[in-house]
Each structure stands twice: as structure tokens, then as C-alpha cells.
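Chain order of the listed sequences is U, B, Y and R.
To convert, count from 1 in the first sequence and add 47; that's the numbering used here.
To convert, count from 1 in the second sequence and add 1; that's the numbering used here.
To convert, count from 1 in the third sequence and add 21; that's the numbering used here.
To convert, count from 1 in the fourth sequence and add 1; that's the numbering used here.
If you are wondering where the hints come from, they were derived from the structure by calculation, not from laboratory data.
Where a beta carbon is used, it is the ideal one built from N, C-alpha and C, also for glycine.
It is possible that part of the hints are untrue.
What the hints assert, rightly or not - Under 7 Å between C-beta atoms, here's a sample of chain B residues computed to sit facing chain U:
id: 1; residue: 8
id: 2; residue: 10
id: 3; residue: 11
id: 4; residue: 58
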Amino acid sequence: MAERTDIYGLLAEFNAPEKVLAAAQRAYAEGYRRMDAYTPFPVEGLAEALGFHRTRLPILVLLGGLFGGALGYALLYYAEVIDYPLIVGGKPFHSWPAFIPIVFETTIFFAALSAVLGMLALNGLPMPYHPVFNVPRFALASRDRFFLLIEARDPKFDREATRRFLEALGADGVWEVEP
Amino acid sequence: MAQIFHRSTNLIARVSILGAVFIIAAVTWALAALNRSPYVTQVGVAREQPVPFSHKHHVKQLGIDCRYCHTSVEESRFAGIPPTETCMTCHSQIHATSPMLEPVRESWRTNRPIPWTRVYDLPDFVYFDHSIHVKQGVACVTCHGPVDEMPLVWKASTLHMEWCLECHRQPELYVRPREYVFRTDWAPREDQRELGRRLVREYGIDRPEKLTDCSVCHR
Amino acid sequence: MSEEKDRMVEIGTPFDPQSAILAPGYTYASITDKISALVLTRRTPRGWFFGFTMAFLLLLLLLFTAAYLLATGVGIWGVTVPVGWGFDIINFVWWIGIGHAGTLISAILLLLRQRWRTSINRFAEAMTLFAVACAGLYPLLHMGRPWLFYWLLPYPNTMGTWPQPRSPLVWDVFAITTYATVSFLFWFIGLIPDLATLRDRARRRLWRILYGFLAMGWRGSARHWARYEMAYLLLAGLATPLVVSVHTVVSFDFAISIIPGWHATIFPPYFVAGAIYSGFAMVMTLAIPLRKFYELEDLITMKHLDNMAKIMLATGLLVGYGYLMEAFMAWYSGNPYERYMILNRLRGPYAPIYWALLVCNVGVLQALWSARVRRSVRALFAIALLVNVGMWLERFVIVVTSLHRDFLPSSWGMYRPTVFDWTMFLGSIGLFLTLLFLFIRLLPVISIFEMRALLPEVAPASGKGTTRPAEAPTLS
Amino acid sequence: MVEKGSEASWGMAALRERLAKQRGRVFWRSLEELAGDPAFVRFLEGEFPTPAPAEVDRRTFLKLMGASLALAGLSSACTRQPTEQIFPYTRAPEEVVPGRPLFYATAMTFGGFAAGLLVESHMGRPTKIEGNPQHPASLGATDVFAQAAILTLYDPDRSQVVLYRGGIHTWAAFWGALAIERERWQATRGAGMRILTETVTSPTLADQVRQVLTLFPEARWHQYEPVSRDHQKAGARLAFGRFVETHYRLQEARVMLSLEADFLAWGPNHLRQAREFILRRRAETEPTEWNRLYVFESTPSLTGAMADHRFPVRASAIESIARALARRLGLEVPEPDLASLGIDPRLVEALARDLDQHRGESLVLVGETQPPLVHALGHALNQALGNVGRTVIYTEPVEAEPIQHMASLRELAEDMEAGRVDALFIVGANPAYTAPADLDFAERMNRVRLRVHLGQYADETAQLCHWHLPESHFLEAWSDGRAPDGTVTIMQPLIAPLHETRSAHEVLAALLGEAERPGYEIVRAYWQQQFEAGQVGGFSDFQTFWRMALHEGVVSGTSLPPVSVSVQWAAIAAELAKRPARAPEGIEIVFRPDPTVWDGRFANNGWLQELPKPLTKLTWDNAAIIAPTLAERLGVKNGEVVELRRGDRQVLAPVWILPGQAVETVTVHLGYGRWRAGRVGSHLGFNAYRLRTSGAPWFEVGVEIRRTHRRHELVSTQDHHSMEGRHLVRTATLGEYRENPRFAKELGQDPPPDLTLYPEHRYDGYSWGMVIDLNACIGCNACVIACQAENNIPVVGKREVKIGREMHWIRIDRYFEGRDLERPDIYHQPVLCMHCDHAPCEVVCPTGATVHSHEGLNQMTYNRCVGTRYCSNNCPYKVRRFNFRLYADWATETLKMQRNPDVTVRSRGVMEKCTYCVQRINAARIEAKKRDRAIRDGEVVTACQQACPTEAIVFGNLNDLESRVAQLKAHVLNYGILTELNTRPRTTYLARLRNPNPEVAALLEEGTP
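Start from the sequences and build out the full structure, keeping to the hints where you can.
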């Protein structure tokens, strides 16, 4: 189990989503954990096959929404009731029905913002530089090729054994990824 | 495909996202601070005048009452800037040849007013009345600051609406007995809040809601 | 690249141009190439230059009008008392309504698992953004003192004052800001994988850097896709109530008032339906020339047009119901002002406009019941154009005829648009088209990754059926 | 080089143009100073006869620069206030407390008669004119002309310098020229020297003229005013053998018959008459105490609109009605042919019965527009009805020299024609424009060797004179004048002349050889003489007398006692026999002074030009007013230009259709079609003087109307005249009111007070409100101009009014009602901000620029307004006004001086509206607080309320149950409009009652009499 740190990992290329999915399942069964798959479109079950189960995004969005709503209401309540109460059209200072649209909008605003920012943050984006980009064939990952990466950091990683393993999975090619 | 971006861009990208948030916050804060800064408000900036009239000298050292010069402060919205005549009541005798006072004498001779520089200048859509403030126990120094310490007068308050509202919302923190309104050396001997509450009642100062009605100042 | 073996999709059923949402014969590669080629081609089509120039000239008209407006005041328009709003708010509502189709296609159809949305959602979303930009222009410029627009935002200021949150205009500020932001995020998130595609396929370094910058390092990781799909789904879930709320809030601009013809509880649904209606009409208006000039008939098929026509029919009927209910309630309520308002619409000085709107929005629409009409591209284009006009007229009727004769006969008046009303309107169309032309040239008009995902769906791959590419994200 | 003197017409025009182009701070002490500029001199001498055309481009450029500055205003957060300077006095005047206004009593003469005024002065600038409550012709009220006079004072187009043959000259030069003339007259005893004035009541001026006539016995004094009192004078002479002033005591009258007498709006005493008339017609008046008014008139007037029975008849038919009445009331008059006039004799009988039943409490009033014979018949009728001494009294004339103006002018014209006039001094008058067409006055003036004109404007007459002398405004000069009852007011100036102007007294003094004698000395010396002669008294010394006279604004004890006169029937009978009542045929032309610019003298006053005419609601124009029936017959619509031809004279006039106009008549208003009025007033409308003849100044049968199929844009502020069945003005007859006093409330649907989702705000302390008594509102527009003056309301011009952008905070809605299009009931309803407690405007304002105060005011904070106009859209009363453009004049220095310093001058892009004169409320509150007391009822008087001649507007604290406004709010006739919207307006109305004669009403039911 020699650790080879001069490469980032091995990248196997497939030509069909089913193949990469099967390969991922096999690799997981084999005991590989530090791996990733790259596809030109979302492939159902692929993330799960890699051992990814739940994302915390929904809870983030919920919190964002609640924060937005609370912030909106607090702002309105402070402005209209505490800071500068004004008689407007005979309505009370705390005209909560009139506050609803704004509170609704701030809720959505913050929820949506947390969805996007949360997604980016959890995905570690933006990340303009990534070792996989060193593989020239990787450009096809955004076209019609499907890739499975096994990182060198994986305890089970062995440059040769892993390469053989990947080739055995029916990969059209296996490339070393410069770090 | 080759790498398009260098390794370091990852860090740069993340830092710049955080940085943008901070920069926006900083700019907002800076604008707010600038708006309240002496550069914009001129608070604390002694203004040059055609005659270097010293309030410190006249008020503190000579003990002249505010109303000696600002005659209409108790009857009018405008406190009044003294006519040259007022200056000349003394200065035809005292320092009658001082070169510093030449503009005053010139004004007297030629019957042309002395062009004083305005220190407190409210926007034209704000209507402030000195007389009622003085009557209700708002002292000169409450807004104009320690005039008796000013060789040349500077603005002691921003005159921002938020500044006005501060007192109109809680006059009890600022009012004093009427008889001390023109004193520069008065300090409450009891708790200001308590004294203020009593005076507000006694003087019939309106409730804060009424004092913060738009038309009190804008019309 | 020559050595790669394209994986042909085998065709299960014969291609039916009326029901297929994608023509046969495409592979992941070919569909990628076809769409990205629109952007990455070296030669800009001459037609594009022509269209862009025309649009840009109109945009200049807008800039000139705006400068003159700022110099002189809104007095250059025909607005007056009693008709304090004119083309400004008409155009605002018109544009914002148009914008709704994009969000609707992206979000609501996504939630409803309408797969045909895929080929039209991208440019519909872009259209949303540009329409919102045009719409946003009006509330800003219609103000007497537009340089003080920021007083509508709540921020601690030296005056110690706040916006007045009982006003629908403040709701508008929040709604439009949120809508613009969320629409942008939605659109941008959708673009990220495609930007990565462009990054990987662009030949020039500059473009690669640009697209690479915007793609933020997207590499199609499976984990990323999982979070991405979740985020997309959540955004769709948020955008759906948002889009409904936005036009509801816009309708509140009217419904909250007391003016006969404005003060109606039916306004929110009626406005939302109208917005979708006008939005689909605009998508149709843009899609038909687009698919023709860029030869996208394979991707934007007759099925799309047919579906959109059906949605137009449905929403148009809702709008027609709105008109009917306005008249009915005016009669049924016994409110003399409401009754006069309807009579005035039918017989008053602006009656021709009301009748024209009925013809455009309700009359012509009935042709869509016929499948033959729905199959005729020309007929659809004509109807869509008429509906665009009709919906503009509807806003004219709502704004002007309600205001010009309200309560006191002594203050009744007339509204006559000036030349600057028209230049502002044409100018905003210029802004819209300019942005649209830039978009067509610089970004993929059809979502590439979603089209890829669509491939196995429309033509199931042979053999190993247990795994198939994920559908577009689902609720489950 | 153009020869000097021949460029008379363009010299001044060029100067005006140059001044018009000046922007920013351009003070010049006089035009002489300006003339000293060599460039200007060159310009005048014609080297550069046209101004540089690059001007416009530069301004456009600057405007665009302004736009970018506006954009830069985005960063206004960081703009600093510019440094301002403050200029104290060098020697402080007594009385002036900086920042506090002072009020001075003076008077304005109009048609020669004085109306007492109190003028507000801020630091030496007069800003606002109010009525003097002590003055008998004002009683504290003012009319539109007095209210607007303040604007004339600051009019930048006022004549500012002496002109000789159109070129700029000096007073010194004129004095020199005059001295030479005086030597000549001393030799000729003033032969050929003529003075032409308008009506003179000023004792000082009359004394001066008489001195001139004494000094130069051959000289003559002529008087001419286009709207004179000739018929009244001639009528009195016919009836009594001499001229006596007629005074009505309307508060005593129960039944009134007006024969074209527009006594509520016309004549020197109209303010007092309106007040007295309304005393018996207020909402609080007991129904049994009400008076009744019948009006016969050819064209609707304000008085006609107030009538219980108004009969549109042709002007020439009114004599027949007077005759028929006289016959029925026992005078020996041959029966006129009523049938041919289409008048039911039963109507006249019913009328006669009503008058007869109220002997001593009835009154017949005859309008100036009716011929002297009708006046005489009126006097006879009043005597026959026993009204003399009760509802009508007579006094000696107030005018210094009550001559017949038309005759005087004709004599002058004939003398000029005959070459008998050597030198003509025109003091104040403008005969070149106002003289009747048949006198060819302007043409004949050219035969006079020396023509001198003194006037406030270098007008049409000035153009024809060798010398034009700029006249001081009455607020700039010492003078005096008499009220209709004879009361003298010594008029004191509020400000030193703004320009190089002199008063008539000063010019006449020069004729007497006392050039440069100050007006103050002249007037004071005269009164000192009077005092010493014992003519006036009541004071121990002259100084006290003088001070009190100035302080009070009236000289006590100068009103005239009644004289007893009796009608000499024989003379009338002879005249009656001479003039058989003819049966007129053909269309009649009727002349009227314009309701807002009068005879044309106010043509350059923007406030008055933009003021909607009370009945047509037209602005900026006059029109040929015809009845709907006639319009139908002619096939013309509003705005179509027709040719009016009378003999060989014709004018082109746009048509305006006015219900209530007598069918066979066309009314034209004088005062338009001026060509040298100024930037505001020139070239507006058509000149009706061109159809007027000295023989028939007010009406004549036989005018041809020919269509031209051309159109002229007439601009009216109210395009819709029916209430559409909405209960806006609620009316009932007295009978109906007695049966159902709650009718006004029942016509509305006031929601119950608890019909609200939210708890109510309580308004303790002061809670302001207003009640307008529609019975008392005569629609005179005084409130509109008063508000304009008080609140710095800009003039927007015809183009903007056309698209509905007029800025008046208070407007008077006028509605026509009734089944008969030719004889509608006319209603006025002043509409201003209602200050609704549930204000729809407030809810929709995004910035909170309009919110409620805790005293119930709907506040409008201009500086917070961003101009979305949503509030205006949502205001059901449409009382909000928007600055669509920069309407306020920020450039003209003199106009800035007029502004009320207590009210913000609005810039473009902000909404504005009635504030209930919050500046006055605040001033009163501060005053009260300084005195540790509450504001008293009546202490806060809004500008509209103060001007109102009939006290129709009542304002005050609703929480004070003793206050007048609270009591009126509790009145059963009190109602709010559009209350079904649950707006809870604070401005409410008292329903309008009418007191028709049941007998006449029954006749009218039968059909048109």
C-alpha cells in the first residue's frame, strides 16, 4: 500500500452512464472510499453509489428562510411601532396584514440566497483549479464522457492495482491525474 | 484539456467572495459615517467670519447675555443677528480704532451690512422657531454647544433630522427650567430625567407623538 | 477526438413531429455540439448584426428619452391629474407580466415534471430577466424625483425615517428585488454546467477564461450534481410561490387602492393568469423566429408550441373570466362608481381600446381550440403577437380608464400619451431585444445538460434498463 | 443706424427679451443703469438687431447637464450644504422683529373705489393681501383682484423706466420737458391741455386735478373707464334729477329682484353686498327668515347662480319686464308686449305679488348693463314698494367728479379729431385698448402734439404716447381713496418703489410745478389742510389723527349720511314714451368685463389668467359664449372659431357653450386680445372692444355669427358638468327641508363609525376640521387666489392646464343640474383636501411623505416625496397636485420676493395639496404656548376662510364643542362627500337650500314661461 503522492488519483473514462454507475458501485464494494465520478449530466444513483447520502442543503434553506422572515418582520416592527410610529390612513402602527407581503418576500429572498450560496459552499465552489482538469480527456466530461476518479489519498489506493481494477471495469481509458 | 486557472485562483476566488461582502459593508458604513462626519455636517469646524468675533470673549469674559445681541430669540422664529448699531454701542468707545473692527466701522459708515457667514443653516423646507424652544426650556447651549468657549463659532450639532428627533422624542432629557435657558454654566442639581419629566408636565410640552408630527417642522 | 465512438441512441418508436419533444438522431455529443456551436461559432450571422443594430438603436432612443426625462421631469409624458400613471405603469405591468413565463416554465413546470420544458426554459428565463430589467426601469423613472429612489429602501439614515410598508409600492420594491435576484440566481445556477461545457469547448483562451470564470470550476462531480439538483429543486420550490406573489403584489398596486376598476379582489389571480398568458405569448413570439433562424426545430418542436398554445388557451380563458367577473361584480355589487366604470369602458372615450383588447385577448384566442391552428407556426405567431398587444391594451384599460373618470365628475379628464411616452416604450423594447441578442450570441439558448439528460428519456437506451440517467430533479 | 424714435415699438420689446433671458441674480437699480451698458446701447441702436440664436442650444445643453447632475444626486448623501451668508441690518428699524410678519392697513382702488386691506409684510416685503375688517367695503374679505394685486407688484413686466418715443429716458428729462410745457400753458391758460383719468375718488388727486384746472383754466379733465357706472349715474339723474349713490341694505330684504344686477360680484360694494345677502341664506338661518332672489339676466352670473329663480332672457327684454312689473305695481306704464318676448305674463304677476307682499322688505336691483331707463324704473319700483330708507338708501356721490365717462371720452375723441387737443395726459387709463371701436381713439390720438402716459405697464396706450411714465403700484405709493359709502382710507405704501416709478400724485404735482415732491408730503399735506379746516376730526392733533387713520385703515366719520330724494315720475314717463319697448329680433351681443382679468388691466397677472372663470371654468382665454340651443342651431361645438360681425367690424372668436345663457344672445368678455400687456397677457383671446360702440356699451341686437370651421384650443379646468347622479352637492327647497331636515344625511351612506377593522386613533387636544356652507358660497374664487398667494402656488400656463395640470389647492367645482338645459340650476362646491381620517392617499405613499398628524391633519411633507403620484391616483377627491415640471419660478428675482417665507416653495417632482394652512396653525400654536394658553376659536384662520366674502368657510378645533366649526358639524345639514368610501373626511359641507316661490315653481312645472 505504498502512498504515491506525486499523483492525485486515477481517472477512468466510460462512454455510458450505466457503465460509470456500475463501476462506482463496484469500486465502493471493493472498499474504495475517496473517489468521485464526473458526468455531463446528473446520473441517478451515482452519488449514492459513491457513498453520498444526504445533503444538508434543505435545512440551510429553511434556516435562511426563517431568518429572512424574522428579519423582515423585525425590521417592520421596529420601524413602524418602535422607532417612528406614524398614523397612516387611520391604520394602527402594528398593521400586521400589511406587513405580510414584505415578510414573505424577505423569507423567499433569504431562502433562495441560502440555497444558492449553500450549494456553492457545500460543493466547495468556486474552485477554478482542480487536478482532474490536468487530464486532457476530462474536457469531454462536459460533453459525452463519464469519469470515475479514485484519489491517491484513498487508503486502498495503489497506482497499479487500482489502474488494473479500473481497466477491468470496462473503462475506455485510465489516466493518471497530476496533482 | 489543460488547466485554465492557476492553483492559487481557488483561494483568490473564495477570499474575493468574502471580501466582496466586507467591501459592500465597509462602503455602506463609510457612506453613513461620511454623512455624519464633520466634513459634511461641518460640526466642530470653526467658520471664518469677516470680523473675528469671539463669543468666548463677549459671553464668558464680559458676561454679556445672549439676548443683548440676539434680540428676537424670545419672540420670533429667528434669533436675530445684531445690526451694526449693536456693535457700535460699545465699539464706538472701546477699541474704537482697532483695525480688526474696521469692517464694523465701515459698515456703520457706508450703511452696508456685514456679511456674516452662516454657521447654522437649516434646509429651506425645515421651519424652526427659536422662540418656542426658548420658552419651553431648551437652552441655547443645548443645541449651540458651549458658545462661551468658542473664539469663533462652530456648529455644535449636525442638524440632521435624527438629531432633532432625539430631543423631540424625549424632551425630558434636554429641557431645563426656563430661567436658566440663557445660562451657559447651568447643570441640573437633581436627576435630569426626573427634572425633565416635571418640566415637561409643567410647561405643557406636547407628547412625543405630537412633537414628531411631520408638520411640526415641515410645511 | 476522431477516435471516439459516438453512442447512437436507438429509436424505439417512429418519430412523430407533433408529439416528440426532441427530434430523433441526437447523441450526447451532437446535441452538445449543436447548441454550443451557436455560441462558439467564429462567424456571427449577418442577421444577428442587423437585429442587434436595430435593437441597439431603439436602446439609444430609450437613453435619450431617459436623459431628457431626468432633465425636465415626468411632465414630458402625458401623465396628469387624474391620470397620474400612464405608459410608465402600463409598460411596467406589461413587462413584469411577460417575465413570468420564464419562471413559470423553469419552476412550476419543473415541479410538475413537465419534461418538455427543457428546450425552452433557458431562454424563457433569460427573457424573464430582461423583461424584469425593462419593467424595473419604469417604477424608477416614473418617479418625480428618481434620484431619491433609495428612500424606498429601509436603511438607517440621518433623517431617522423609514419606507412606509403599508404601501404596495414598497411591497413592489421588495417583490421585484427578490424576483430579480431569485430569477437571476435560478438562471445562473442553471447555466453553470453549460458554462463548463463552453469553457471546455471554447477555442480561444480569452473565452475559456471568461467562461471558466463564470463556471466557477464546475466539473460535473456526482456529489456536486446531487447538491446541485437539490438546490435547483429548492429554488424551483421557492420561485413558484414567488412568481405568484410578484404579480399578486403588482396587482395590489391597483387592488389596494379605492379606485373603481382597481379595487377588486379578483385582481391577484386575474393578474397572475394574465402574466402567464402574456409571458407565454412572448415566449412564443421569440421562440418561433429563434427556432427558424437557428434551425432549432429539432429541439424546439411542434410539441412545445402546441403545449404553449394550450397553456395560453387555459390562461387566456382565465383572463377572460376575469374580464367577465369585473363586469359582473360591477353590476352585482350595485356600486354606482363600479358600474359607471364598466359602462365607461364599454362606451366611453377609450371604448375602442377596450373592445380591441377583448378581440385580441379573448376573441382571437378561441382559434387555439383547433388543433390545426395549433399546428400552424404562422397562425401561432400571429396569435402570440396579438396577445402581446392585447395584454398591453389590457393594462392601458386598467390604468387609464379607471383613473380618468373616478369619483368626482368635476375632476374627470383625459390621458393622451406624448411622443416621449412612445419613445420610452419603444426604447424599452430596444433594451429587451439588445439584451436578448447579446444573450443569444454569448450564452447557450438551450440548456445543454438538461437536453443530454433528456436523450435517454425520449429514446430509451437499449439493453441494460436498470440504470438510466437521472431525470430532471424530482420532488421525491 | 436706425433713427432714434422710430423704433418705438421694438426698443421695449428687445429690452423685455433681454430681461427675460436673464437668469440668476440680476439686480439693476434702473433701466438707465442697464441702458448704460455699451453693448446694450449698441443693441438698441440696431447694430445687432437680433439676439444671438445660440441661446437655445446652450440652454438645452445646460438642461442635459442638469440631468447628469441629477444623476450625480444619487450621491447626494455626500453633498455638503453650500455656505450661505447672513446680512443683518446696520441700523435696525423699530417695529421689525426679524422673522415675524407685520400687517399694515392700506387700500386698493378698483374702478376708483377703495377697498380696505391689511397687507402682510415679511422683513419689508409685502407678501399677502387680506381684507381690513374695519373697512366698510371689505369687512375683512377680499376679491380675486385684491388678492392677486400682490403679484402685479412683483410682475417683472411692469414698466420700470421712463420712455420717450420708446427709448429709455430719465425722470429728470421729463421734468425738464414738462417745465417747458408749463411755460407754454401759462401763456395759453392751458388751452388744449387735457387730463384723462379713470374714476377718481381720491380726495387728494381730485384736489390736485382741480388745482391744475385752476392754474390752467382752459384745460379739461376727462374720465374714462371701460367698465364705468354711466348707466347707474344716468339712471339716477333720470329718476331723481341728480346723481345720488344707491346703497342696498340686503340684510333687510326678503324678496329681491335683480334685473341683470350682478351685485355679488360686480361693483365697488360687492363684497359687502355678498356678506349682507348671505346673512339670510346661511344654513343656520331659520327657514322663515330666508330671503328670496329672482334674477333676470342674459348671461349667467354669480348672482344668477345664487338665485332661487333665474330667468335667462335677452338683455333687451329686461326693460320690458321692468315695465310690466312697474305696471302691475301701480305705476303708469303702458303694457309691454310680453308674449313676443316669450314671457308668461302670469310669471310677472306672481313676481309682482311676491314683491307686493313684502313691501319695505323687498328690493329691485338693476345692473349697470341695463340702460338708464331701467335704472330709473328700478328706483321708481323701490319707491313704490316702500323700500326707500329700509332696503335701499341714497347718499351724495362719492366720486370726485361723477361725470358720464362715455360722453367724456367721446368729447375728447371729437376734440382730438378737431385738433383742439394740444397735450394729453393719460393717468392710469389705457384708452388705446379700451376705447369703444367707433371712437377711433388710437387713430385720433396721433393728432395730439404731446401725449404723456402714466401707467404700470408700457401698454397699448404707452406705445402711442411720446412719454411713458412708469406708475407705482398701490403698495409702493402714498395715496387715498374712498369706499362706496364715502369712508376715506389713507393708503400707505408697504415698500419703496421697486423700480423708477412715481405715483399719479407725484406726476400731477409736477404739473403744478412741484416736480419731485414726494407723494407722502402731498397726501399728508392735503389731509393736514382738511384736518385744520375741520373737515375731518375726532382727534386732538393732526399727528394723532394721521397715525390712527393709517393704523385703522379708515378715517372715521367720513362715511356719507343718507339723503332723501324722490322719484320724479314725469321725466321717467317722458322717457318711457320716447322709447317704446321694442320687440327685438336677431342675435344680441352682450359685453361683460371678464371675471378674472376685468377690462384687461389684469391681463398680465398669471394668477388671474389661470384662475378658472367662475361659470365657464375657462382659463387663459375668452370666448363667444352661447346657449346649447343656439350652438345646435349653428352646428358649432366648443372651440370652433366663429366670426362675429357687427356692421363693418368683426372679430374671430372661439365658441363656448354655456347652459343658462339666453338663447338669442352671444356674450363676449372684455379684457382679452391685448397686444402689449406683457409676457403673460399679450396675444391671448380676442379683443371684444373691437365690437363695442360708445352708443351701446353692454348689449346690442344684431350681430351676425358666421362659422369658420377652424378651431381654437379652449382650456377649461372642468370638462364634465353633471354630477352623474352622485350626491355631491345636496340640495333641497326650504319646503322639503322643513319636511325632512335630514335629507342631506339620507342622501349619503355614511358607514357606521365602528365599521372598521382596526381600532380608531384618538385625536385629543386639537383636532382640526372645516365646514363649508354651500348656501353661502357664491363661487367668487377669492379663496382660490388667496390660497395661491398664501401657499406659493405656481402658475403653470395654458398648455399645462390643458392637460389637467393646474396647481390650485382649492378649486370650485361647478355643476349644472335640472331638466332644462337652457335653464339649469348652477351649484358651486369648493373642493380642497378633505384631510380624511382614513386617508386613501396616506396608505399608498411608499415613503410616508403624507401621513396624519396627531391633530388630524393630512400632512404633506414635500421634502420626503419622491413623486410616485400614487396618492393622487388614490385620492377620490382629486385634490392633490403634482409638479410635473419645474413650475415654481426660481429665476425671476421679483417673483421670489412675493413668496410666503413660511411655506416651502415646491420643486419639480413632488406632490402638493391643501395643508389647512398648517403654517398658520403652527404660528397660532406657538403664540398660544408662549402665552401659556390654548388656541382660541377663530384664532386659526385659513387663507381661503379669510378671503371669503360670505364667511362660507369655517375652520377650527372639532374637539372644542363651543367652536363654530364644531357647532356647524353638528348641524343637520352637515354632510361629507364620498363618505361611503369610509374616508371620514374632515372637510364637510352644509347642504344647499333654495327658497323658490311655490307659485312660480308651479308655473315653471307647466313649461318654460
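We went through each hint and held it up to the structure:
1. Interface hint status for residue 8/B: upheld, as the beta-carbon distance to the closest one in chain U is roughly 5 Å, under 7 Å.
2. The restraint placing residue 10/B at the interface with chain U holds, with a minimum CB-CB distance near 4 Å, inside the 7 Å limit.
3. Given the 7 Å rule on beta carbons, the hint for residue 11/B holds: about 5 Å separates it from the nearest Cβ of chain U.
4. Violation of the interface hint for residue 58/B is found here, the shortest Cβ-Cβ separation to chain U being roughly 42 Å, above the 7 Å cut-off.
Comparing the model with each numbered hint stated earlier shows that hint 4 is the single one that does not hold.
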